Amino acid sequence: MISKTAIIDKSAIIKDDVIIGENVIIEDNVYIDYGCIIRDNVHIKSGSFIGARSILGEYLMDFYKDKVNKVHPLVIGKNSLIRTENIIYGDSEIGDNFQSGHKVTIRENAKIGNSVKIGTLSDIQGYCEIGNYVSLHSNVHIGQKSKINDYVWIFPYVVLTNDPTPPSDNLIGVTIESFAIIATGSVVLPGIHIYQDSLIAAGSIVTKDVLEKNVVAGNPAKVICNIEKIKNKQTGESVYPWRFTFKRGMPWEESDYETWINSLEIRKAGENND
Amino acid sequence: MISKTAIIDKSAIIKDDVIIGENVIIEDNVYIDYGCIIRDNVHIKSGSFIGARSILGEYLMDFYKDKVNKVHPLVIGKNSLIRTENIIYGDSEIGDNFQSGHKVTIRENAKIGNSVKIGTLSDIQGYCEIGNYVSLHSNVHIGQKSKINDYVWIFPYVVLTNDPTPPSDNLIGVTIESFAIIATGSVVLPGIHIYQDSLIAAGSIVTKDVLEKNVVAGNPAKVICNIEKIKNKQTGESVYPWRFTFKRGMPWEESDYETWINSLEIRKAGENND
Amino acid sequence: MISKTAIIDKSAIIKDDVIIGENVIIEDNVYIDYGCIIRDNVHIKSGSFIGARSILGEYLMDFYKDKVNKVHPLVIGKNSLIRTENIIYGDSEIGDNFQSGHKVTIRENAKIGNSVKIGTLSDIQGYCEIGNYVSLHSNVHIGQKSKINDYVWIFPYVVLTNDPTPPSDNLIGVTIESFAIIATGSVVLPGIHIYQDSLIAAGSIVTKDVLEKNVVAGNPAKVICNIEKIKNKQTGESVYPWRFTFKRGMPWEESDYETWINSLEIRKAGENND
Chain A
48 MISKTAIIDK SAIIKDDVII GENVIIEDNV YIDYGCIIRD NVHIKSGSFI GARSILGEYL
108 MDFYKDKVNK VHPLVIGKNS LIRTENIIYG DSEIGDNFQS GHKVTIRENA KIGNSVKIGT
168 LSDIQGYCEI GNYVSLHSNV HIGQKSKIND YVWIFPYVVL TNDPTPPSDN LIGVTIESFA
228 IIATGSVVLP GIHIYQDSLI AAGSIVTKDV LEKNVVAGNP AKVICNIEKI KNKQTGESVY
288 PWRFTFKRGM PWEESDYETW INSLEIRKAG ENND
Chain B
48 MISKTAIIDK SAIIKDDVII GENVIIEDNV YIDYGCIIRD NVHIKSGSFI GARSILGEYL
108 MDFYKDKVNK VHPLVIGKNS LIRTENIIYG DSEIGDNFQS GHKVTIRENA KIGNSVKIGT
168 LSDIQGYCEI GNYVSLHSNV HIGQKSKIND YVWIFPYVVL TNDPTPPSDN LIGVTIESFA
228 IIATGSVVLP GIHIYQDSLI AAGSIVTKDV LEKNVVAGNP AKVICNIEKI KNKQTGESVY
288 PWRFTFKRGM PWEESDYETW INSLEIRKAG ENND
Chain C
48 MISKTAIIDK SAIIKDDVII GENVIIEDNV YIDYGCIIRD NVHIKSGSFI GARSILGEYL
108 MDFYKDKVNK VHPLVIGKNS LIRTENIIYG DSEIGDNFQS GHKVTIRENA KIGNSVKIGT
168 LSDIQGYCEI GNYVSLHSNV HIGQKSKIND YVWIFPYVVL TNDPTPPSDN LIGVTIESFA
228 IIATGSVVLP GIHIYQDSLI AAGSIVTKDV LEKNVVAGNP AKVICNIEKI KNKQTGESVY
288 PWRFTFKRGM PWEESDYETW INSLEIRKAG ENND
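Protein chains in written order, with this note's numbering: chain A, 48 to 321; chain B, 48 to 321; chain C, 48 to 321.
Simulated from the structure, these hints should not be mistaken for laboratory data.
Do not rely on the hints blindly, as some may be mistaken.
One copy or two, either will do: identical chains are not told apart, so a pair holds if it fits within one copy or between any two.
[To be verified] Here are the simulated DSBU-like pairs of lysine-lysine, each with C-alpha atoms no more than 35 angstroms apart in a straight line:
id	residue 1	residue 2
1	LYS276	LYS62
2	LYS255	LYS278
3	LYS125	LYS112
4	LYS158	LYS280
5	LYS114	LYS294
6	LYS114	LYS269
The structure presented is a predicted model; accordingly, all values stated were derived computationally and were not measured.
With these hints in hand, go ahead and build the complete structure from the sequences.
Below, the structure written as structure tokens:
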């Protein structure tokens, strides 16, 4: 059940019971585990792992009218690790070093950057943008028209909504700026802007914009303090902005944020001088 | 692996690796995608699509004692669109034009009307009634003994509960009247009655009945205003009751609610005169 | 696709399309439904049922580096009933009479006692301990380092968190003592200790320890009353501590809690005298 129009690198490992559709491209060292369905026009880049029974290039709504699959390409970046039973629609694009848990759904027109992690059971509704080094934990729901910048952390059971007067067709997405953190069980209302380095405490219902470095909590969420006031209770040390105290999986993992950002700026300056 | 007692219309398309049990009826123009398990006594009506690896007619508890499947029929109405990996138990009944997302679970003794939509990962616990034109978004949890009338909207991560003194065996369901809206992340406590045209704001913990046209919010939820006071912030226009301002997918889609309801009443009067 | 190193009792029923890896042990009267993947070093004890397409012994992170499965044993106790599409990792241990809903995920280093129930879509993040007779309803999220004692009840959409200053690597788990109840949609913050016989009301955001027999509610959760004050509204009778009023599925099901606990103590005393 592998289409003749598929281009599959010889080094790729394709386990039993995999279905591969038309115009699929599978690059070198890709591993596709048991029972995956790779529908038409999917491009899986070098070194990626696709977990058992994942469905890539899933049908959009236009399929169901005439049971003919239209052209809706999907690109999965290099060295991605997609665990079992993910469903990723056509017309989406996922960057390199992507990592997902089990049973994740990503719908059409999702544009996802590099080094993004999405946890088990998360549901990305499509028509959204997710930057680089964004971490979504388990069971996060990203509504359409959401815009998530780089280095954002979102924890379990958080929902980004989009309809100010449900039901309606006037969707307004949530915008989240870099380094913001949204803790477990929070709901962010439509059109809300969450600024850089802010922290939404667990269980917050966010009905107003959250300004830079603000910590908010409650239902409705209210400003509690500046993020720099939060200490590690065991060590008494400051924790935030977190990029100065946490580096696992980040591009500054080998040194620290300041060294890394300075070296980037020096490199940029050098390039500008060329 | 297709039982000889199954009756399958010639126009039906059955993809590879589908299992079809005893006394299954598959009507014309049904499409069953790769790897579905249709257990015994399932009836799929004309024009329906069953997404890859869905399991229909799933075993009830009585199967596990002796590994013998008892008679627990399941009916799926006409022109339904069930996406991948749904699990729908026996002893349930689903109307026409049903639409579901991925990985939905519907347990036994669920009675679901026509033109109902249920989003990805929603979990219908069975022993419940859902009317016509009800829309449940992703990840909605409907507890046993819930009663949902027509034209109700329920948004992600809403839970309808049923046990006033957990753990107990005295379950009391939630009742939701027509045109009510329950926004994201709300929990409705056991036995609560939500009346027509009301709106439960996101993140509400609903501990008291909600009266007609009331808007409630908070933990615990309190009355905020009458629903007619809510305006579209961009246009300044009234939005609610929503049936006068929204029509996509509704039976009044071709005209408007008033024209439609009047024509219905005229037709009824004519029938009564016959 | 059954490994030659697997030891499978003759009375076991293995349905079609099941994959069984190296060093798997399947005891008598086990039933493995269609399409399961049993990876290496899984031991399924006598009388257990494994639902269609479940994946047991799922790969840990170390697999993905070289695509070689290391030794990470998984034990499933006797007479367990695992419904469809569960994913249970290696290095975990599940006791006897386990029961799970659909699409449950249990990651590595989860130590689960006897007679535990885990509902549909629940996500056990591993590195945690769950005692005996614990009931987790649908869609419960148990963070790493959680410690749940015997006879605890946790209801839908509850999250036990673990990171006091997210993102960080200093995880501190939640501890829940016996007979505690956590109602729907509550979030328990990192390091919180919930003591015996307490009740967390629906939608609580628990930011402080909850003392014995306390009832808490709200965001943030505050003490409401002593659990003994709660009555069944219909009968006017006291309900809590629930072990005196509820027995379905409990070891005292045949008599009552007091009779059972007394008989246990008499038996123990007898053994000590031997």
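Structure-based check of all given hints:
1. LYS276 to LYS62: neither (52 angstroms within a copy, 59 angstroms between copies)
2. LYS255 to LYS278: both (25 angstroms within a copy, 17 angstroms between copies)
3. LYS125 to LYS112: both (34 angstroms within a copy, 14 angstroms between copies)
4. LYS158 to LYS280: So LYS158 and LYS280 pass the 35 angstroms test across copies only (29 angstroms; inside, 38 angstroms).
5. LYS114 to LYS294: between (48 angstroms within a copy, 27 angstroms between copies)
6. LYS114 to LYS269: neither (50 angstroms within a copy, 48 angstroms between copies)
In the structure shown, a violation is registered for the earlier hints numbered 1, 6, in ascending order.
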